Amino acid sequence: MTKRMTFKSVSEMPEIPISMGFMDWNKTGTWRAQRPYYVDKTPPCSASCPVGNDIVSFIQKIAEEDLEGAWRVLREENPLPGVCGRVCFHPCESRCNRSFLDEPVAIHALERFVADDMELRKEKVKREIEKAKEKVAIIGSGPAGLSCAYHLARFHYPVTVFESFSLPGGMLRMGIPPYRLPREVLEREISLIESMGVEIRTGVTLGQNLDWEELKSFSAIFMATGAHLSRALGIPGEKRRGVFQGLEFLKKINSGKKVTLGERIGIIGGGNTAIDVARSVLRLGKKAIILYRRSKEEMPAFEEEISEALEEGVKIRYLVSPIQIHSRNGLKRVECLRMKLGEKDETGRRKPIPIPNSNFFIEVDSLIIAAGEEIEFSFFPKGWERREGILLTQRDGSIGVKGLFAGGDLTSLQRTVAHAIGSGKRAALAIDCYFKGRDSEETLRQILIGEGPSISIFRYLHPDERPMDSHIVRFEELNMDYFEQARRQKESKLPPKVRIKDFREVTSTLPSSLAIEEAGRCFSCGTCNGCETCYVFCPDASILKREGVFLREVDYEFCKGCGICFTECPRGAITLKEEAK
Amino acid sequence: MKKIPIPIEENLGRGHLACAGCGAAIGMRLVLKALGERVVMVFPASCWSIIPGFWPYSSFRVTAIHAGFVTGGATASGIRAALDVKGDDETLVVVWGGDGGTFDIGLQALSGAAERNEDFIYICNDNEGYMNTGTQRSSATPLMAWTTTTPVAQPKENPKKDIMAIMADHQIPYAATATIAYPEDLLRKMEKAKGIRGTRFIHLLSPCPPGWRIPSEICVKISRLAVRSRVFPLYEIEKGRIYTLQEEKRVVPVKEYLKLQGRFGHLSNSQIEEIQRRVDESWDRLQRKARC
Numbered sequence: 001m002t003k004r005m006t007f008k009s010v011s012e013m014p015e016i017p018i019s020m021g022f023m024d025w026n027k028t029g030t031w032r033a034q035r036p037y038y039v040d041k042t043p044p045c046s047a048s049c050p051v052g053n054d055i056v057s058f059i060q061k062i063a064e065e066d067l068e069g070a071w072r073v074l075r076e077e078n079p080l081p082g083v084c085g086r087v088c089f090h091p092c093e094s095r096c097n098r099s100f101l102d103e104p105v106a107i108h109a110l111e112r113f114v115a116d117d118m119e120l121r122k123e124k125v126k127r128e129i130e131k132a133k134e135k136v137a138i139i140g141s142g143p144a145g146l147s148c149a150y151h152l153a154r155f156h157y158p159v160t161v162f163e164s165f166s167l168p169g170g171m172l173r174m175g176i177p178p179y180r181l182p183r184e185v186l187e188r189e190i191s192l193i194e195s196m197g198v199e200i201r202t203g204v205t206l207g208q209n210l211d212w213e214e215l216k217s218f219s220a221i222f223m224a225t226g227a228h229l230s231r232a233l234g235i236p237g238e239k240r241r242g243v244f245q246g247l248e249f250l251k252k253i254n255s256g257k258k259v260t261l262g263e264r265i266g267i268i269g270g271g272n273t274a275i276d277v278a279r280s281v282l283r284l285g286k287k288a289i290i291l292y293r294r295s296k297e298e299m300p301a302f303e304e305e306i307s308e309a310l311e312e313g314v315k316i317r318y319l320v321s322p323i324q325i326h327s328r329n330g331l332k333r334v335e336c337l338r339m340k341l342g343e344k345d346e347t348g349r350r351k352p353i354p355i356p357n358s359n360f361f362i363e364v365d366s367l368i369i370a371a372g373e374e375i376e377f378s379f380f381p382k383g384w385e386r387r388e389g390i391l392l393t394q395r396d397g398s399i400g401v402k403g404l405f406a407g408g409d410l411t412s413l414q415r416t417v418a419h420a421i422g423s424g425k426r427a428a429l430a431i432d433c434y435f436k437g438r439d440s441e442e443t444l445r446q447i448l449i450g451e452g453p454s455i456s457i458f459r460y461l462h463p464d465e466r467p468m469d470s471h472i473v474r475f476e477e478l479n480m481d482y483f484e485q486a487r488r489q490k491e492s493k494l495p496p497k498v499r500i501k502d503f504r505e506v507t508s509t510l511p512s513s514l515a516i517e518e519a520g521r522c523f524s525c526g527t528c529n530g531c532e533t534c535y536v537f538c539p540d541a542s543i544l545k546r547e548g549v550f551l552r553e554v555d556y557e558f559c560k561g562c563g564i565c566f567t568e569c570p571r572g573a574i575t576l577k578e579e580a581k
Numbered sequence: 001m002k003k004i005p006i007p008i009e010e011n012l013g014r015g016h017l018a019c020a021g022c023g024a025a026i027g028m029r030l031v032l033k034a035l036g037e038r039v040v041m042v043f044p045a046s047c048w049s050i051i052p053g054f055w056p057y058s059s060f061r062v063t064a065i066h067a068g069f070v071t072g073g074a075t076a077s078g079i080r081a082a083l084d085v086k087g088d089d090e091t092l093v094v095v096w097g098g099d100g101g102t103f104d105i106g107l108q109a110l111s112g113a114a115e116r117n118e119d120f121i122y123i124c125n126d127n128e129g130y131m132n133t134g135t136q137r138s139s140a141t142p143l144m145a146w147t148t149t150t151p152v153a154q155p156k157e158n159p160k161k162d163i164m165a166i167m168a169d170h171q172i173p174y175a176a177t178a179t180i181a182y183p184e185d186l187l188r189k190m191e192k193a194k195g196i197r198g199t200r201f202i203h204l205l206s207p208c209p210p211g212w213r214i215p216s217e218i219c220v221k222i223s224r225l226a227v228r229s230r231v232f233p234l235y236e237i238e239k240g241r242i243y244t245l246q247e248e249k250r251v252v253p254v255k256e257y258l259k260l261q262g263r264f265g266h267l268s269n270s271q272i273e274e275i276q277r278r279v280d281e282s283w284d285r286l287q288r289k290a291r292c
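These protein sequences, in sequence, are chains S and E. First residue of the first sequence: 1, per the working numbering; consecutive thereafter. First residue of the second sequence: 1, per the working numbering; consecutive thereafter.
I should point out that these hints are in silico values taken from the structure, not numbers from a laboratory. What you are looking at is a predicted structure, and each value in this text was computed from that prediction instead of being measured. The beta carbon of each residue, even a glycine, is placed where N, CA and C say it ideally should be. Wrong hints could be hidden among the right ones.
[To be verified] Lysine-lysine pairs mimicking BS3-like chemistry, simulated, CA-CA at most 25 Å apart:
hint : chain 1 : residue 1 : chain 2 : residue 2
1    : S       : K545      : E       : K249
2    : S       : K27       : E       : K33
3    : S       : K577      : E       : K33
4    : E       : K221      : S       : K545
5    : S       : K545      : E       : K161
[Said to hold, decoys possible] Here's a subset of chain E near chain S, in silico, CB distances under 8 Å, partners left out:
hint : residue
6    : F69
7    : I214
8    : I218
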C-alpha cells in the first residue's frame with residue numbers, strides 16, 4: 001500500500017484515479033494562529049512548603065509505584081522527610097487544590113510513608129569522597145543545622161556540627177515528645193546525614209568549651225542555636241518552687257530525667273509547647289488543665305494536636321488569664337481573671353480583654369508555664385543586629401559579618417521545623433555562593449519556588465532540567481472532567497486510652513496500598529506527568545513523545561493550533577499563546 | 001491518573017486538510033488506530049472527500065475508496081463480495097459516511113445493505129449538517145439549530161432524525177453511539193464491532209467548530225457535554241433489541257451544552273426549556289427500552 005507504483009504504458013494504468021503519495025509535504029503548521037507549548041507551573045503545595053519539597057514529583061513517583069524515585073525526589077530538598085511527615089504543620093495541605101473538589105491530598109502521610117519504607121530497605125548512601133578545601137562549622141544540630149549540614153555535604157564541603165547536648169537533634173529531640181516523633185526515626189535520619197561525611201560533635205557549647213577563636217579555622221559558620229529560653233509571664237509567684245518552665249520540662253522528660261509532679265497539673269499557654277506539655281503530663285499518669293487567655297480559634301497550636309489532646313483527656317479552660325500564683329502547703333492557687341475577646345491585634349487574632357473584678361482561683365498541684373520561647377543572646381558578639389527578639393539576616397541567611405550565616409528559630413518568628421529546614425537550605429546555598437564568589441541574592445532568585453521564600457536545590461544543581469514558571473496554579477486552571485471525588489486516606493491512630501499509657505507513637509504509617517491510592521488523588525497541578533491526554537486528542541497527530549527532560553513536544557510543522565491539548569490538559573501543564581504575526 | 005491505552009500506529013498521516021480542531025479528524029485517527037491495517041475504507045461524499053488531500057496525494061496509510069454520495073452501503077457490499085470471492089475474509093470493510101450521506105442521501109443504500117445484513121462496519125460521522133459545503137441543514141441537524149438554510153429568523157423546525165432507532169429496526173447485530181470525548185469507549189466499541197459478523201453501525205458524534213460556531217479548543221469539551229447533558233447518550237443495541245445504556249455520573253442541564261455554541265445563540269429561555277423537555281423525554285424512552 002505504501003510502495004510507489006510505476007506504469008510502463010497507459011494500458012497498465014488503473015481505470016480509476018489512485019493516489020501515489022502522502023500529504024506530509026503539506027506543512028499545516030503554517031495555518032496556526034495560536035501556539036500551545038509545555039511549561040510546568042508551580043503547584044500551590046510546593047509554593048507554600050517552607051522546606052521547598054517537590055511535592056508533586058514525589059507523589060507522582062509513588063503513584064507510579066517507584067518508591068525509590070520518590071525517596072530520591074524528597075531527599076533532593078529535605079534530609080528529614082520522616083521527621084517532617086510526622087511533625088510538620090503541612091501548610092501544603094491547606095493550599096492543596098484538591099480541597100476544592102473534596103479534601104486535600106494527605107501529603108504529610110505520603111512523605112512519611114516514603115521515608116518509613118526506605119528504612120526497611122536500608123539504603124546505602126554514597127559518602128562524598130572528593131572534598132572542597134573550605135571547612136564549615138555549624139552551631140546547633142536542630143533541623144536548621146542538620147539541613148544546612150546535609151546540603152553543604154552534597155556540595156562537597158567538610159562540615160562539623162557542634163551540639164551542646166549529649167545527643168544531636170536539637171528541638172526535634174528536646175522539644176518534641178516521642179509519641180509524635182519516635183527517637184529511632186530521628187536517629188535514622190541523622191545517621192544518614194552523618195554517613196555522608198558530616199561530623200557531629202556533641203557536648204560542645206559555644207561560650208563554654210568552644211570559643212569564637214577556635215571557630216576561626218573554619219571558612220564559614222552557620223549559627224542555628226534555636227530559641228531555648230522560656231518566656232516569663234511577669235506575674236507574682238511564677239518563680240516559686242513547683243512552678244516549671246514548659247520547655248525545661250519537656251527537655252527533662254525527653255532526655256529521660258524524672259520530674260516530681262503532683263496529681264493535677266496546670267499549664268499556662270496555648271502554643272504547641274503547651275499542648276506537648278499537657279499530653280506528656282497525661283502520659284505520666286497525671287491530670288492536665290490548660291489555661292489559655294483567648295478562645296480555641298486563636299490558639300497558635302496546630303489544630304490536629306489540639307483535638308488529639310482533647311481526645312486524650314486534656315482539659316482546656318479558655319479566656320482565663322493568671323495574674324498571681326499563690327502557694328500554700330505545696331498546693332498552687334492560681335488567681336485568674338476572666339477575659340473577653342476584643343478587636344483583632346497585629347497577629348490577626350482577637351485580643352483578650354480582662355473583665356474587671358472577675359477574679360477567681362484555680363487549684364493545682366503543679367504549674368507549668370509554656371508561654372513561648374525566646375533567644376539566648378548572651379554568647380553573641382556585640383554588634384549583631386537584632387530586632388523583636390530575633391537575629392536579623394538577609395534573605396540568604398547572611399548577618400552582615402563575612403562568612404557568618406544564621407538560621408532556624410534564631411532568625412525567625414515562624415518557629416516550625418519546616419521553616420528551620422528551609423532556612424538551613426538557603427544558608428547552605430548562600431555559603432556555596434560565598435565560597436564561589438557568586439551573587440547569592442541573584443542565585444536565590446533564579447531557584448525560588450513560586451514567589452519564594454523557598455528554594456529548589458534540585459534546580460540549583462540541575463539548571464538544565466525542566467524549568468518551572470513561577471505562576472501558581474489555581475483550581476480553575478485544572479480540568480475537573482478528568483477527576484472524580486475520592487476519599488482522603490487517613491492514617492490510623494491508637495485509641496486515646498491506649499495512647500496515654502506510654503510515649504509510643506500515636507499515628508501509624510499508611511499501608512502501601514492506601515498510600516498508592518492516595519498518591520493517585522494528586523492533580524499534579526501544572527506539572528506534565530505524561531498522562532497522554534494531549535496525545536490522544538490531537539486531531540493532527542502533532543504531539544510527539546520524548547525521552548528526557550520533557551515527556552512531550554508539540555510538532556510545530558503540523559500543529560494547526562486548535563488548542564484542544566490546552567483545554568483538555570487535566571493539570572494546566574500546557575500554555576496557549578497567540579502566534580506572533 | 002492512568003493513561004488511556006491506545007495503539008501507537010498513526011494511519012491518518014499528517015498534512016491532512018481538516019480544519020483546526022476538527023472533531024472528525026480526532027475520530028478518524030482513533031478509529032483507524034482501532035481498525036489496524038487490514039481494512040478497506042469506503043467514503044461516500046462528505047468532508048472526508050476533501051480532508052485526506054488532493055490527487056495524487058492522500059493522508060491515509062490504509063486502503064481508501066471514494067464513492068458516490070448515495071452509494072456508501074452499496075459500494076461496501078460490492079467490495080465485501082469481491083473480497084469474499086478472493087477468499088479474503090480477514091480484511092474488514094468499513095464505510096465512513098457523514099450525516100448527509102447516512103441520514104439523508106445514503107439512507108436507501110444503507111437500509112438495503114442492513115436488511116441483507118451485509119458484513120461491514122458502517123460509521124456515521126455525525127456533525128449535524130452539511131458542513132463541507134458550508135453548513136446547510138441535514139436531517140441530523142438538531143431542533144432549533146441555526147444553519148445557513150435554517151437562519152436565525154427561521155431556525156430548524158424539526159427534531160433530529162433518530163437514526164439509531166431506524167438501524168435497530170433493521171435488527172442488525174450491533175449498533176452503538178460514541179463520541180470523541182470518550183476515546184476508551186470508542187475504542188472498546190470498535191473492538192466489539194470488529195468481533196461481530198454482519199452489519200454493524202457506529203453513530204459517532206463529531207463536533208464541527210466552524211459549523212457549530214464554537215472555538216476550536218472546546219471541541220472535545222462540547223462532545224463531552226453532549227453526553228453529560230443527555231443530548232447524545234452513549235448506548236449500544238444488540239440484535240436490534242438489547243439496549244445497554246451507559247449512565248453518565250455527572251449530568252448537566254442542556255443549557256450547559258447549548259450556551260457554548262453559536263448555532264444555538266438565538267435561543268430564548270423557553271426554547272431551551274423546550275429542548276430540555278424533549279431531551280428528558282427521549283432519555284426516558286431510552287431507559288424504558290433498556291429495561292425491556
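A quick look at each hint next to the structure:
no. : hint              : verdict
1   : S:K545 <-> E:K249 : violated (32 Å)
2   : S:K27 <-> E:K33   : holds (22 Å)
3   : S:K577 <-> E:K33  : violated (31 Å)
4   : E:K221 <-> S:K545 : holds (23 Å)
5   : S:K545 <-> E:K161 : violated (42 Å)
6   : F69               : violated (17 Å)
7   : I214              : violated (11 Å)
8   : I218              : holds (6 Å)
Of the numbered hints given earlier, the model fails hints 1, 3, 5, 6, 7; all others are met.
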